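Assemble the dimeric complex from its two separately framed chains, guided by the hints.
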Amino acid sequence: AQSVTQLDSHVSVSEGTPVLLRCNYSSSYSPSLFWYVQHPNKGLQLLLKYTSAATLVKGINGFEAEFKKSETSFHLTKPSAHMSDAAEYFCVVTTFSGGYNKLIFGAGTRLAVHP
Amino acid sequence: NAGVTQTPKFRVLKTGQSMTLLCAQDMNHEYMYWYRQDPGMGLRLIHYSVGEGTTAKGEVPDGYNVSRLKKQNFLLGLESAAPSQTSVYFCASSSPPARGHNEQFFGPGTRLTVL
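Chains as they are written, first to last, in this note's numbering: chain D, 1 to 115; chain V, 1001 to 1115.
Hints in this document: simulated from the structure, not taken from any laboratory. For clarity, every value in this text was computed on a predicted model and none was experimentally measured. Some hints here could point you the wrong way.
Distance ranges between label pairs, derived from CB positions [claimed, not checked]:
id, chain 1, residue 1, chain 2, residue 2, range
1, D, K42, V, G1016, 28 to 34 Å
2, V, S1084, D, P115, 38 to 44 Å
3, D, K58, V, E1079, 43 to 49 Å
4, D, S9, V, E1079, 48 to 54 Å
5, V, A1082, D, L20, 17 to 23 Å
6, V, N1028, D, H39, 24 to 30 Å
7, V, K1071, D, G16, 29 to 35 Å
8, V, S1080, D, L7, 38 to 44 Å
9, D, S26, V, V1012, 37 to 43 Å
10, V, R1044, D, H39, 17 to 23 Å
11, V, V1060, D, H39, 23 to 29 Å
12, V, G1003, D, S84, 17 to 23 Å
13, D, P79, V, G1040, 26 to 32 Å
No more than 30 Å apart at the CA atoms, straight line, and that leaves these computed lysine-lysine pairs for DSSO-like [as the list claims (entries may be wrong)]:
id, chain 1, residue 1, chain 2, residue 2
14, D, K58, D, K42
15, D, K49, V, K1057
16, V, K1009, D, K102
17, V, K1071, D, K42
18, D, K102, D, K68
19, V, K1071, V, K1057
20, V, K1014, D, K69
21, D, K68, D, K58
22, V, K1009, V, K1070
23, D, K42, V, K1009
24, D, K69, V, K1070
25, V, K1057, V, K1070
26, V, K1057, D, K102
27, D, K69, D, K102
28, D, K49, V, K1014
One-sided excerpt, in silico: chain V residues whose CB lies under 10 Å from chain D [stated by the list, open to error]:
id, residue
29, N1001
30, A1002
31, R1011
32, G1040
33, Y1048
34, V1050
35, G1053
36, A1056
37, P1096
38, P1108
Just so it is clear, CB atoms sit at the ideal spot from N, CA and C, and this is done for glycine as well.
With the rest of the complex left out, here is chain V (with noise of 0.2 Å):
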C-alpha cells in the first residue's frame, strides 16, 4: 500500500497563478483533509470531506477550494495564488470516528512558493 500520496511534491506560484494540488489514498478512507503548516503553528485544517461529492470548511478556507469527485482522491485548488499562501501543505486520511480508530494518516507534503 502506498498509503496517501501527494503531486506535486515542491512547486513556485507567481502571484494570481493558479494551481491543483492531488491527494490520493489506497486505505478506502471515508474521511479526507488538507492542512497547512507554517512555522510555529502546528497544522491548520483548510477544507476536510467525510465522502464522496462532499467538502467542508475547515479553520482556514479562504482562498481555497476543494473537491471530491472519487472517493480515493482529494483536489485542493488556489485560483489566484497570493505569497501569504506559501507554505506546506498535507493531506490526510482517515476512517469514520469512532473511539479507538480516529488517528489520520499523512500524505510527505507540497512544498508551494508563492513569488
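Same shape as in the complex, but just chain D (with noise of 0.2 Å):
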C-alpha cells in the first residue's frame, strides 16, 4: 500500500535562508509524487511533480525536489526562503486504483518565514 510521512509538521526559518520539507514515502512500484502548496485560506497549487524522469525536479517559485528510491524520499528544498514562501505544503503519492489515479496525502508541514 502506498503512505506518505512529512517528518515535520512545523519549520520555521530565518528570511534568506535555506527551508527543507521533508517526505518520506511508501509504494509498491515506481510512484509519482508531487509537492502541492496551500497559502491561506487558498486553493491547492501544484509546485512540482516526478513521475521517473530525471530525479532532480525543479518547480514553480525556487523550489526543487530530489527523488531517492534508496532512501524512499521526495524532500522538497529551496535555497533562500522568502516572506511568500510562508504556507502549507502536502507531499503527495499517486497509486492507480479503481480506474483514476488516486492522490495519497501526507499531513502536511505548515511553513513560516521570519524576517
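Have a look at this one:
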C-alpha cells in the first residue's frame, strides 16, 4: 500500500535562509510524487511533480525536490526563503486505483518565514 | 481560463439542513473529485467521477451524495448536515490517468460550518 509521511508538522526559517521540508513515501512500485502548496484560505497549487524522468525536479518559485529511491524520500528544498513562501506544503503520492489516479496526501508541513 | 471554481466560498448550516456545493471546470477534464480537508489530516477523497453521468465512492463518502450531469460540473450534496461535516471542501479535476499527466487541479475551496 502507498503512504506518505511528512516528517515535520511545522518548520520555521528566517528570510533568506534555506528551506528543507522532508517527505518519505512507501510504494510497492515506482511512484509519481507531487508537492502541492496551500496559502492561507486558498486552494492547492502544484509546485512540482516527479514521474520517473529526472530525479531532480525543478518547480515553481525556486523550489526543487530530489527523488531518492534508496531512501524512499522526496524532500523539498529552496536555497533562499522568501516571506511569500509562508504556507502549508503537502507531499503526495499517487496510485492507480478504481480507474483513476488516487492521491494520497501527507498530513502537511506548515512553513513559517521570519524577517 | 478560470480553471476550477467553487460556489459558495463560505456557508454556515444548522444541523439537519441540506445544501449543495457546486464545482465547475473549464479545462475539458474527464475526471472530477470532491475532497474534504480537516486539520492535521491532509485531504481525503469523498466521491469522484470519471466522466459525465458516472460517480463513485471515495474514502469518506458517508453523508454525501454527488451528481455529474454535465462534464464541466460536479455537485456535492449534504442531505442532512451534521457537525462532523464541518470542514473545508475542495473540488479538483484532471485528465484521464497517463504517465506524466496525472496531477489534479484544485479549486479555491468552500468553508462549511455546521452548528
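field: Indices of hints not satisfied (ascending)
entry: 4, 5, 7, 20, 24, 28, 29, 30, 31, 35
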